[in-house]
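Next come the chains, spelled out residue by residue.
2 protein chains.
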Amino acid sequence: MKKLTVAFQGELGAYSELAAREFFHADVEVAPRPVFEAVFRAVETGQCQRGIIPIENSLAGSIHQNYDLLLKHRLHIVGEIKLRIVHTLIVNPGVRPGDIRNIYSHPQALAQCDRFIRSLKRVKAVPVYDTAGAVKMIKEENIRDGAAIASAQAAADYSLKVLKSGIESDHRNYTRFLILSRKKAPRSLHARTTVVFATRNVAGALFKSLSVFALRDINLLKIESRPIQGRPWEYFFYLDFEGHADDPPCRKALDHLREIATSLRILGSYEKGREADGRVHKR
Amino acid sequence: MKKLTVAFQGELGAYSELAAREFFHADVEVAPRPVFEAVFRAVETGQCQRGIIPIENSLAGSIHQNYDLLLKHRLHIVGEIKLRIVHTLIVNPGVRPGDIRNIYSHPQALAQCDRFIRSLKRVKAVPVYDTAGAVKMIKEENIRDGAAIASAQAAADYSLKVLKSGIESDHRNYTRFLILSRKKAPRSLHARTTVVFATRNVAGALFKSLSVFALRDINLLKIESRPIQGRPWEYFFYLDFEGHADDPPCRKALDHLREIATSLRILGSYEKGREADGRVHKR
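Going line by line, the protein sequences match chains A and B.
All letters in the first sequence, in the order written, are residues 70 to 352 by this note's numbering.
All letters in the second sequence, in the order written, are residues 70 to 352 by this note's numbering.
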């Protein structure tokens, strides 16, 4: 059987790739893309059967760009996985801790390891576009006075050395990823649904929108607001709730929401994701 | 009478400075700071009497870092102003449109002018940390093959030339700024209140929290969620509503919210801000 191809943003060894391998149990081809928009396009055009995108981190919050892209593109959310983010300090072979003057990584990874970085002396944090990209860079430029922060997978992929693992300040550091497809997911038992809607700009509109779920004892998991382009101070609301859009109470709640909302789109119903630790996979 | 001193993030000519001058009717000393955290600290320590921070843009959405800083620091929101963002293309004297190969600005300003930039031929957008900082840079390095995107004020401050004004793709482009102080604002007539709260992680908790306002016909203006550090998939909610926290219905709603929430803090009640066009001020 031909393996699924999954598009992700970043270089090989990126956390998105680890999440894809955990979700599909390694039984997958991965297709790196430079930006999130290219991940959406790869799935839309059929180049890749699936896409994977980070949607929120338990420390840093939502990745709002991906909420906007979910609205812009006509794909379905078909799954989720929560990956524990374990950052490692990576160097070229032979580089010792005392040699390090610069530490390269994505600004968010640098921020998540700030306690560790501050514990080192005379070391500067240098932001780059991507965690795995930082590893690639220190390898290609054979940097001897610097290190990168990325996944252990990225160190393995570029045959570099892990000096220290688990250098993040808070170990309860998870990123939730969504799986995208052109087709809806098959019906699942423990489902979560994501919808996006807008309301008239009137008193109580948001409250009424949420009441359609509360009146049916449907548990809300997350609410996120994003500005509506060209309508200053009006918002799209992204709502996650427990249950499948085809379950009778959820279906009735969504029918009810259509009476209140000026627009409503179901972005997907999908099996609730497990929490996973990323392991290093052989290529 | 001694003028108020207001801290803002960025270089002279930044949109935050324009907003401060509109809010205080130019009758103010401005104090530039390199990062948002330094703005909060300047007010906390009494170095400056007021601070001004952007909190949301009508196209790009909330500035989440400033929501986190409002929680971290013990300041009061005492005012707001909505500034229309008019981007201008700025060059060194003598530089002609055909000479431009690179356009420097903050990534968000570049994105907001993408239609204009794409209309030029063989021109590259180059992100830098700050809009007014881009103007300073092209002046100091006497760049002849590049331009900056920033406010007309920044062009005036550095005695550079505005080649074109209003180059943003969408003219309904406003940024809402908040004014910070160590003391509460005096009671105002047309007030808006911002609070932050957390709830138990139980079904219907958010709905119940919003109901305390709906049951009293209090209009919600904005809701924003941010992750709680160390408690994955739990959130702080930032809520803006119409009215003053000392108005009897609002006071009762907040008392009611305290029964439901695990924490609640009133960040400030302040007079609703007007929409302003930034004008160029003489130094």
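No lab work stands behind these hints, which were simulated from the structure alone.
One or more of the hints may lead you astray.
Since the list gives no way to pick one copy over another, a pair counts as held whenever it fits inside one copy or between any two copies.
Here are the simulated EDC-like cross-link-like pairs (lysine to aspartate or glutamate), alpha carbons at most 20 Å apart as the crow flies [claimed, not checked]: (1) K252 <-> E209; (2) K141 <-> D183; (3) K341 <-> E303; (4) K205 <-> D239; (5) K141 <-> D239; (6) K277 <-> D168; (7) K351 <-> E106; (8) K291 <-> E303; (9) K205 <-> D316; (10) K151 <-> E303; (11) K253 <-> E340.
Right, here's what the structure says about each hint:
1. K252 <-> E209: Neither: 40 Å inside a copy, 54 Å across copies.
2. K141 <-> D183: This pair counts as between: shortest inter-copy Cα distance 17 Å, intra-copy 35 Å.
3. K341 <-> E303: The answer is between: 16 Å across copies meets 20 Å, while 30 Å in one copy does not.
4. K205 <-> D239: Neither. Shortest intra-copy (26 Å) and inter-copy (39 Å) distances fail the 20 Å Cα cut-off.
5. K141 <-> D239: This pair counts as between: shortest inter-copy Cα distance 18 Å, intra-copy 34 Å.
6. K277 <-> D168: neither (60 Å within a copy, 56 Å between copies)
7. K351 <-> E106: neither (28 Å within a copy, 43 Å between copies)
8. K291 <-> E303: both (19 Å within a copy, 9 Å between copies)
9. K205 <-> D316: Neither: 47 Å inside a copy, 59 Å across copies.
10. K151 <-> E303: between (31 Å within a copy, 14 Å between copies)
11. K253 <-> E340: within (12 Å within a copy, 48 Å between copies)
Checked against the numbered hints listed earlier, the structure breaks hints 1, 4, 6, 7 and 9; every other hint is satisfied.
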